[in-house]
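Novice: So the protein sequences, as listed, match chains A and B.
Using this note's numbering, read the first sequence as starting at 459 and increasing by one per residue.
Using this note's numbering, read the second sequence as starting at 57 and increasing by one per residue.
In short, the hints are calculated from the structure, not lab data.
Just so it is clear, the structure is predicted and the values come from calculations on it, not from any experiment.
Ideal Cβ placement from N, Cα and C applies to all residues, glycine included.
Watch out, some of these pointers could steer you wrong.
[To be verified] So, partial list: chain A residues that the calculated Cβ filter (under 10 Å) puts toward chain B: (1) Ser485; (2) Arg562; (3) Asn573; (4) Gly582; (5) Val690.
If you want the building blocks of each chain, they are given just below.
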Amino acid sequence: MGTNAGLRNINDKSMQEANLPALDLASVSYAYGKRQALENVTFSIAPGRFAVLLGLNGAGKTTLFSLISHLFATRHGRIHVFGHDIDRRPGDALRRLGIVFQARTLDLDLSVHQNLSYHASLHGIRSREANRRIHDLMQSIDMSDRLHEKARSLSGGQIRRVEIVRALLHEPSLLLLDEATVGLDIKSRATILADIRKLVEEKGISVLWATHLIDEVSHADQVIVLNQGKLVANGPVHEVVKNAGAVTINEAFSRLTGIYALNAGNRL
Amino acid sequence: MTDIASHAPIGHSRFGVMNYLVCLKGILIREGLRYLNQRERFISSLVRPLLWLFIFAAGFRQVLGVSIIPPYQTYVLYEVYITPGLCGMILLFSGMQSSLSMVYDREMGNMRTLLVSPFPRWFLLVSKLLAGVAVSIIQVYAFLFIAWFWGVKAPPSGYLLTLPALFLSGMMLGALGMLLSSLIKQLENFAGIMNFVIFPMYFASSALYPLWRVQEASPLLYKICLLNPFTYAVELVRFAFYGQIEWTSLAVVCGFTIVFIAGAIIAYDPSRGLVIKKQEGGNN
């Protein structure tokens with residue numbers, strides 16, 4: 459009886475969570491001293507959605523990621539991950555987040571397996587279960603033969619893929635990727651992007667994909683555009699294009715970030 | 057990545073004691089592996105105190121007479137006197153080495169993987185501290201093993217009884233290192249720690265000479281030594297070797313451990329921390 463009630467309770471909670479936004483930002487601002495990095499940013503991402511956070515270098519993408527992942531405290535505004543306030547209940551929120559940082563964060567002196575096991579332990583996953591997940595995930599990216607090699611011996615693309623595997627080890631509901639394809643060749647970029655899209659499509663994991671590469675946007679995506687710390691567009695691709703008075707997302711991005719005017723000026 | 061998507065989100069229950077232990081074990085293993093991968097770190101951690109023991113102590117044996125002071129019940133060789141101080145030196149350097157590795161981890165980005173763990177930040181920092189202390193205690197026992205062959209011997213039970221003292225002293229110095237790591241912006245600034253923390257702490261203590269001798273030479277330096285927490289760490293270890301507890305040292309070491317750990321936890325807290333303030337300016 460008690461067990462059934464407990465299970466019902468868990469299911470109720472899961473149902474409630476499924477109806478909440480995967481990520482919800484309300485009036486988030488952040489400043490480095492006097493320099494305003496983010497100003498009144500508000501948007502949300504529905505569960506199972508692939509959202510692309512577009513912005514030029516210095517737009518505030520990394521600051522936003524640092525706030526969402528609780529590396530920085532939110533001084534102004536609120537951030538919720540599946541209803542959990544990142545500042546008030548960081549543990550509950552972080553448990554639902556898988557994060558791939560812009561900078562490489564694998565320990566190059568440790569093997570791939572040691573890196574992944576370390577991450578699993580940081581999420582309280584026991585070694586037997588961790589090993590099962592590591593083997594399954596590494597097999598799924600055809601890299602199980604590299605498991606016991608030092609991370610240092612991997613290529614840039616392989617390191618990124620291992621970092622994505624690491625971010626998935628604790629089975630998060632929302633995946634954050636900060637410029638995950640920067641510095642990779644075209645093939646590696648395409649592979650990683652396709653893998654992540656498949657993840658969203660098949661298993662309903664929500665994704666926030668930060669990039670400044672416009673060709674990584676697909677028609678079905680939610681697009682969020684940041685420019686100089688301000689949110690200048692948010693919505694489905696066709697809506698963002700239409701509101702910007704553009705024909706393509708490329709043109710819309712150029713208009714929203716001022717590149718268009720710059721190019722026009724150069725032509726004159 | 058053909059089947060990566062087979063790993064669906066699952067229900068997220070709260071962590072139990074076992075999960076905390078798994079996390080602690082993971083951090084301990086990682087620190088141990090890093091240490092094993094850096095053999096030169098192990099060798100240099102041994103060479104430093106051994107040089108002091110083999111060369112400095114041998115030379116000063118004739119110059120510095122050590123009278124009978126507690127916990128010693130007879131005249132002791134200078135090598136015997138400075139051995140607890142050299143144990144403290146290992147703990148001090150190791151604690152600072154940990155802070156260096158935290159600054160390195162922060163610069164390289166590895167620190168982020170630790171800080172975005174869903175476990176409470178205080179627990180993650182204390183676990184990292186414990187891992188660093190475990191490594192430094194192994195270094196101390198390796199040093200004592202070699203010193204034993206050099207004829208520097210404590211009572212057999214002393215080797216076991218000193219373990220809690222080494223642990224407490226290691227915690228205090230490791231926590232100090234952790235606190236300092238939050239104040240250092242870049243790896244290059246670590247040289248300042250050597251000059252302004254390690255050397256003054258080591259020399260202005262009872263590690264190399266008894267405090268009564270310091271008092272005879274300079275009352276001011278004597279007072280500075282009394283204010284130095286490292287003095288109490290050394291004395292705690294010294295008395296423990298002979299199965300005794302120096303209560304003042306125990307209280308001071310425990311007190312400073314709590315203060316330094318609390319400081320490090322505050323410094324690494326994103327809402328109040330110094331670490332973020334140090335990083336400001338470099339991000340977009």
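Novice: Which numbered conditions among the earlier hints are violated in the structure presented, ordered from lowest to highest?
Specialist: The structure breaks hints 1, 5; every other hint is satisfied.
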